[in-house]
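Residue numbers (this note's numbering), protein chains in the order written: chain A, 7 to 347; chain B, 7 to 347; chain C, 7 to 347; chain D, 7 to 347.
Calculated directly from the structure, the hints in this document are not laboratory data. It should be emphasised that the depicted structure is a prediction, and the values quoted were computed from it without experimental measurement. Careful, some of the hints might be misleading.
Note that the list lumps identical chains together, so a pair holds whenever it fits in one copy or between two copies.
When the alpha-carbon atoms are kept at most 30 Å apart in a straight line, the in silico DSS-like pairs for lysine-lysine are as follows [what the hints assert, rightly or not]:
(1) Lys257 / Lys216
(2) Lys216 / Lys313
(3) Lys49 / Lys308
(4) Lys127 / Lys112
(5) Lys10 / Lys113
(6) Lys282 / Lys313
(7) Lys23 / Lys127
(8) Lys10 / Lys39
(9) Lys49 / Lys331
(10) Lys32 / Lys61
(11) Lys257 / Lys174
(12) Lys96 / Lys300
(13) Lys300 / Lys340
Number of protein chains: 4
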Amino acid sequence: MTNKFTVGVFGAGRIGKIHIENLLRKMPDVNLKIVVDINIDEKLREWAEEKRVPKLTNDQFEILNDPAIEIVVICSPTDTHTKIIQEAAKMNKHIFCEKPIDSDIKKIRKTLSVVKEKNVKLMMGYNRRFDRNFMRCHESVTSGQIGEPQIVKITSRDPAPPPISYIKGSGGMFFDMTIHDWDMARYQVGSEVEEIYATGGVLIDPEIGKAGDIDTAVAVLKFENGAMGIIDNTRQAVYGYDQRVEIFGSKGCVVADNEATNTVRIYTADCTSIDKIPYFFMDRYIESYSAELKYFFDCLGKNLEPKPNGEDGLKNVLVALAAQKSYNENRPVKISEVENY
Amino acid sequence: MTNKFTVGVFGAGRIGKIHIENLLRKMPDVNLKIVVDINIDEKLREWAEEKRVPKLTNDQFEILNDPAIEIVVICSPTDTHTKIIQEAAKMNKHIFCEKPIDSDIKKIRKTLSVVKEKNVKLMMGYNRRFDRNFMRCHESVTSGQIGEPQIVKITSRDPAPPPISYIKGSGGMFFDMTIHDWDMARYQVGSEVEEIYATGGVLIDPEIGKAGDIDTAVAVLKFENGAMGIIDNTRQAVYGYDQRVEIFGSKGCVVADNEATNTVRIYTADCTSIDKIPYFFMDRYIESYSAELKYFFDCLGKNLEPKPNGEDGLKNVLVALAAQKSYNENRPVKISEVENY
Amino acid sequence: MTNKFTVGVFGAGRIGKIHIENLLRKMPDVNLKIVVDINIDEKLREWAEEKRVPKLTNDQFEILNDPAIEIVVICSPTDTHTKIIQEAAKMNKHIFCEKPIDSDIKKIRKTLSVVKEKNVKLMMGYNRRFDRNFMRCHESVTSGQIGEPQIVKITSRDPAPPPISYIKGSGGMFFDMTIHDWDMARYQVGSEVEEIYATGGVLIDPEIGKAGDIDTAVAVLKFENGAMGIIDNTRQAVYGYDQRVEIFGSKGCVVADNEATNTVRIYTADCTSIDKIPYFFMDRYIESYSAELKYFFDCLGKNLEPKPNGEDGLKNVLVALAAQKSYNENRPVKISEVENY
Amino acid sequence: MTNKFTVGVFGAGRIGKIHIENLLRKMPDVNLKIVVDINIDEKLREWAEEKRVPKLTNDQFEILNDPAIEIVVICSPTDTHTKIIQEAAKMNKHIFCEKPIDSDIKKIRKTLSVVKEKNVKLMMGYNRRFDRNFMRCHESVTSGQIGEPQIVKITSRDPAPPPISYIKGSGGMFFDMTIHDWDMARYQVGSEVEEIYATGGVLIDPEIGKAGDIDTAVAVLKFENGAMGIIDNTRQAVYGYDQRVEIFGSKGCVVADNEATNTVRIYTADCTSIDKIPYFFMDRYIESYSAELKYFFDCLGKNLEPKPNGEDGLKNVLVALAAQKSYNENRPVKISEVENY
């Protein structure tokens with residue numbers, strides 16, 4: 007058919023596989039042509055075959071140089087993002103890129119300027135914006151139902167810490183984990199962060215401290231519109247993946263609770279109990295991945311600018327840098343202090 | 007002060023004590039003058055002294071013949087109700103009487119005719135109508151918010167059975183326990199019961215069966231306005247006193263859940279838990295007792311007819327009799343079949 | 007691959023399409039070879055092409071006579087079920103059949119005897135047994151957590167009535183709509199129905215009454231193990247598709263509430279509000295359809311007898327017949343009274 | 007009787023009246039002898055008569071010099087607290103004092119030394135510690151159920167701001183409003199605050215800003231045991247009095263939600279709605295006032311040290327001072343920086 011989007015994917019790791027499956031199964035208008043991964047082993051080859059991936063290669067130019075491929079989805083490691091974005095943009099391809107865009111502000115700015123110059127669309131994969139609960143909150147804010155947002159509160163807790171090896175290469179908790187929450191706060195409040203105070207500690211695992219990171223964090227945000235934000239993070243909530251958002255405004259308050267595993271209550275002589283909340287981020291956010299891709303292609307089809315875009319990617323990284331600086335220096339830090347990093 | 011109601015109370019048992027305390031503490035317009043109880047022992051005398059009951063006597067004529075006492079509250083055993091109501095009415099006293107009025111239809115009719123003749127007010131103590139949750143349901147129905155009521159569902163479960171000795175003198179589950187639910191169903195639907203199908207069994211304690219009663223019951227009601235009702239009762243819900251009401255209507259549905267002991271949720275690696283619901287009927291309904299008395303005196307002050315009145319007392323007994331007949335004969339029974347009992 | 011199940015599907019209507027999509031997308035061990043539908047139009051042909059159905063034909067013998075097809079999925083109209091089951095069984099094919107099996111007890115018995123004789127497996131598509139919430143209830147019962155089940159309560163309300171033309175051919179509410187609830191009650195209690203009392207009325211739409219049916223129904227079940235059941239149905243709950251189950255037992259109570267559209271609460275100066283429950287049965291039960299097929303193929307792979315089977319299909323129809331008889335004669339009816347229909 | 011506590015009350019304003027009523031009605035062991043108020047008008051005299059207050063006077067020495075009065079309850083304005091505490095202590099009377107004790111650290115220290123010297127008991131009226139929900143949280147923490155507390159989150163929002171005149175004399179939001187939350191955080195975590203970062207703004211009413219105060223505040227606490235705290239306050243939550251507490255620990259999380267007005271849910275074609283949360287602090291905390299007094303007299307009867315005591319009163323004021331300093335200087339402030347104020 008003529009209305010299909012022809013797509014190439016970079017990276018077939020954990021997130022890459024999710025996007026590939028969604029492209030193959032749930033996007034009838036999409037023609038996934040090539041998947042590039044530089045580490046193709048037998049297991050990946052089998053997976054690709056089972057999923058009927060048309061072509062799997064380790065040569066990125068098969069995508070970049072293919073004029074039929076108008077759209078790329080980038081799921082390769084973070085340090086490859088800016089390079090691939092620039093090259094794809096130069097070939098006039100639209101881009102969906104996993105978060106974060108990079109940690110180097112200069113590189114990000116350079117990349118965004120290429121994107122702008124080539125006039126291609128770039129969407130960043132902050133999938134939580136497409137969670138049905140958080141979208142509903144956002145709708146309450148943008149519709150005016152709760153008035154002017156004044157306080158945003160985000161609870162974002164992982165069920166268990168990643169391996170220490172991962173921690174070491176993560177860029178730190180504020181960049182690796184809280185990055186989702188910087189984006190969520192900005193998304194819900196609809197204003198940019200002006201100043202941040204971030205603190206934290208090592209309360210879960212001393213090994214994380216030895217690796218130079220923290221495992222528990224708290225941050226206060228001040229937004230340009232006067233609103234304030236509070237975020238708390240921990241690497242280990244033993245009861246599951248705790249993800250809640252609340253926006254308080256001049257006319258009301260909207261609160262998104264955790265998703266339940268089921269709706270069942272069990273009453274016994276001891277207590278009333280409910281099953282645990284979902285443990286794994288995939289259980290909670292799986293639908294948001296297909297929703298964000300669907301939205302991306304809708305934007306392409308209608309020639310609309312998708313959000314969150316590259317500018318959002320940049321803003322989130324700036325907040326992370328300021329948070330890190332605030333933590334290091336134990337003082338509130340203005341975003342303007344890190345803008346020229 | 008001149009605007010006080012002077013009151014006499016018959017019976018200082020469990021419910022009597024609650025009413026006496028409420029009259030003494032929470033009804034500033036009420037002057038409780040005399041409490042009559044035919045079984046006055048040292049313990050009761052001490053209780054009365056501590057609560058500052060002005061006078062405690064075993065002579066009911068001290069109330070009946072006292073022209074200063076314009077209102078009586080009857081909390082004596084059920085088999086004394088009709089006699090005291092009639093005598094109080096003849097002395098032109100207004101009457102608040104605990105439920106049920108009696109089990110003998112002829113006696114009830116005779117009593118109601120005396121009440122009518124003497125033109126005094128009679129309110130029956132169906133306290134659950136004054137529970138904040140069930141009142142809220144009723145408000146949703148009468149305001150038209152849920153449209154025409156079509157189905158009413160009542161869950162009414164005791165935490166533990168009473169002693170077998172109590173069961174033997176109770177008149178049977180439909181008369182002793184479900185009587186509250188017949189009243190609740192009529193109250194919520196706002197129509198009279200036309201036909202009933204009731205069944206049940208002995209699932210909790212065989213001794214209850216040996217005593218000639220059942221411990222688990224289910225009933226279906228058909229109302230004059232076409233609505234239907236479902237009630238389930240059990241003598242033993244090990245998790246507490248389970249009291250819920252739901253009214254489904256043409257424009258919506260209103261559901262009153264159990265009261266919680268507190269609002270706390272505890273999330274652990276095992277499950278999410280909530281404390282048990284209140285175990286004892288006093289914990290759940292304590293406030294309804296003062297609310298019903300307050301309403302009664304409000305009606306007296308404004309010369310309004312209080313509800314539920316003697317007619318409601320009669321109607322509830324008729325439904326109980328029909329339920330018993332339905333259970334005995336395993337068939338639906340019309341209220342008209344028992345109206346001349 | 008050698009471990010694939012080769013499958014043929016009868017019927018590509020609403021439910022058929024769901025099963026076909028699930029077979030194609032979510033069952034990696036399944037090879038869907040042929041879909042038969044006697045009414046193939048352009049629209050269906052396009053749908054099949056888009057979904058990559060390998061073959062679409064109106065000739066049922068292409069499936070029945072194909073020895074490679076070991077399993078059939080029957081989604082054709084109810085009146086074709088017994089005939090196709092018998093023919094498939096005779097060709098030694100395993101069978102998944104949509105509910106209900108038929109309304110004629112003799113035909114059903116005959117069909118089950120063929121299935122038994124040919125020793126093929128037959129599963130009936132009572133998908134609600136595979137809803138995550140109701141499965142969780144069942145688990146609480148079978149694990150003994152709530153003790154012996156004593157009362158089962160089912161609330162099952164449609165958001166809007168079907169067209170009158172559908173009502174006319176439906177076999178009546180007890181057979182068309184409540185059939186799911188007969189099955190659910192039996193599933194949860196783990197015992198067979200012994201006696202039933204069913205009643206109802208026309209409270210929604212007089213046209214339904216003119217078509218000889220009711221639109222609101224209430225039923226009381228007595229089970230062989232002494233438990234009791236209560237079911238209420240309505241064709242129109244304006245607030246959405248209301249599907250709840252509760253099982254009360256000697257050691258506790260398990261309650262499955264409706265699924266929520268999201269977890270968001272909105273607090274304003276007027277009230278606290280939650281979004282409506284899902285309106286359409288697909289929104290609520292969509293996952294149960296793939297779960298039941300997955301379970302069916304798991305049973306085939308492990309050579310286990312799937313449940314609910316043909317016997318369950320028969321039992322549910324018997325309860326429906328008894329319910330109809332009870333309604334017609336306004337009296338409790340024993341299942342034994344209809345067993346020889 | 008010999009076991010009665012003879013009590014004198016200072017101050018019959020809003021809180022004083024609550025304590026007086028509780029002493030008269032709900033404390034059978036208490037003999038309330040004298041109430042002192044320096045502003046006795048006709049209205050107060052009538053109130054005292056109606057409530058049967060034995061004696062109302064404007065002479066504080068009638069209490070202080072009465073040897074029969076062993077216990078005083080101080081509800082007079084804050085600036086009178088330390089003086090009355092000292093005088094009562096010198097007369098060997100036990101003391102229950104409304105919060106806060108004072109804002110002057112030196113005065114507080116002096117007062118506590120007198121209390122200690124005279125060996126009388128002093129309890130501070132932080133009533134929220136006696137709210138059933140927050141007590142339940144505390145129990146989960148102290149029992150070890152949720153492990154080591156790591157994060158405490160307090161949402162504390164008033165429904166509407168007080169008059170500007172009140173704001174002007176309030177000592178500022180951190181001292182007037184957040185003081186409850188400093189105490190709650192310390193109570194739940196069971197550790198002392200080491201450092202605080204507080205910020206805020208004027209988002210509700212510019213007049214509050216002109217009066218030199220803020221109306222929206224956010225604070226981050228660091229505790230000696232490593233735990234962190236987050237508090238958010240606003241003077242105006244249009245949907246009611248929003249009071250929630252959450253403690254996250256190494257083994258779980260305990261969350262206390264708002265109290266509901268009733269348990270009713272209303273489902274309509276538009277949405278599912280719940281009644282608003284209680285609007286006024288009395289509706290929410292009324293029971294905590296009698297619970298705290300009951301606990302105080304229990305401690306006296308058993309000769310136990312009641313909590314929160316004078317030391318808690320001091321600590322809360324120190325946190326408030328540090329918060330104010332943090333806000334003024336926009337930096338985290340250690341409690342040790344303000345300890346010698």
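Here is how each hint holds up against the structure:
no. : hint            : result
1   : Lys257 / Lys216 : between (46 Å within a copy, 23 Å between copies)
2   : Lys216 / Lys313 : neither (38 Å within a copy, 39 Å between copies)
3   : Lys49 / Lys308  : between (38 Å within a copy, 26 Å between copies)
4   : Lys127 / Lys112 : within (20 Å within a copy, 64 Å between copies)
5   : Lys10 / Lys113  : neither (33 Å within a copy, 50 Å between copies)
6   : Lys282 / Lys313 : between (33 Å within a copy, 28 Å between copies)
7   : Lys23 / Lys127  : within (23 Å within a copy, 36 Å between copies)
8   : Lys10 / Lys39   : both (11 Å within a copy, 27 Å between copies)
9   : Lys49 / Lys331  : neither (42 Å within a copy, 60 Å between copies)
10  : Lys32 / Lys61   : both (19 Å within a copy, 22 Å between copies)
11  : Lys257 / Lys174 : between (44 Å within a copy, 26 Å between copies)
12  : Lys96 / Lys300  : within (24 Å within a copy, 46 Å between copies)
13  : Lys300 / Lys340 : neither (36 Å within a copy, 50 Å between copies)
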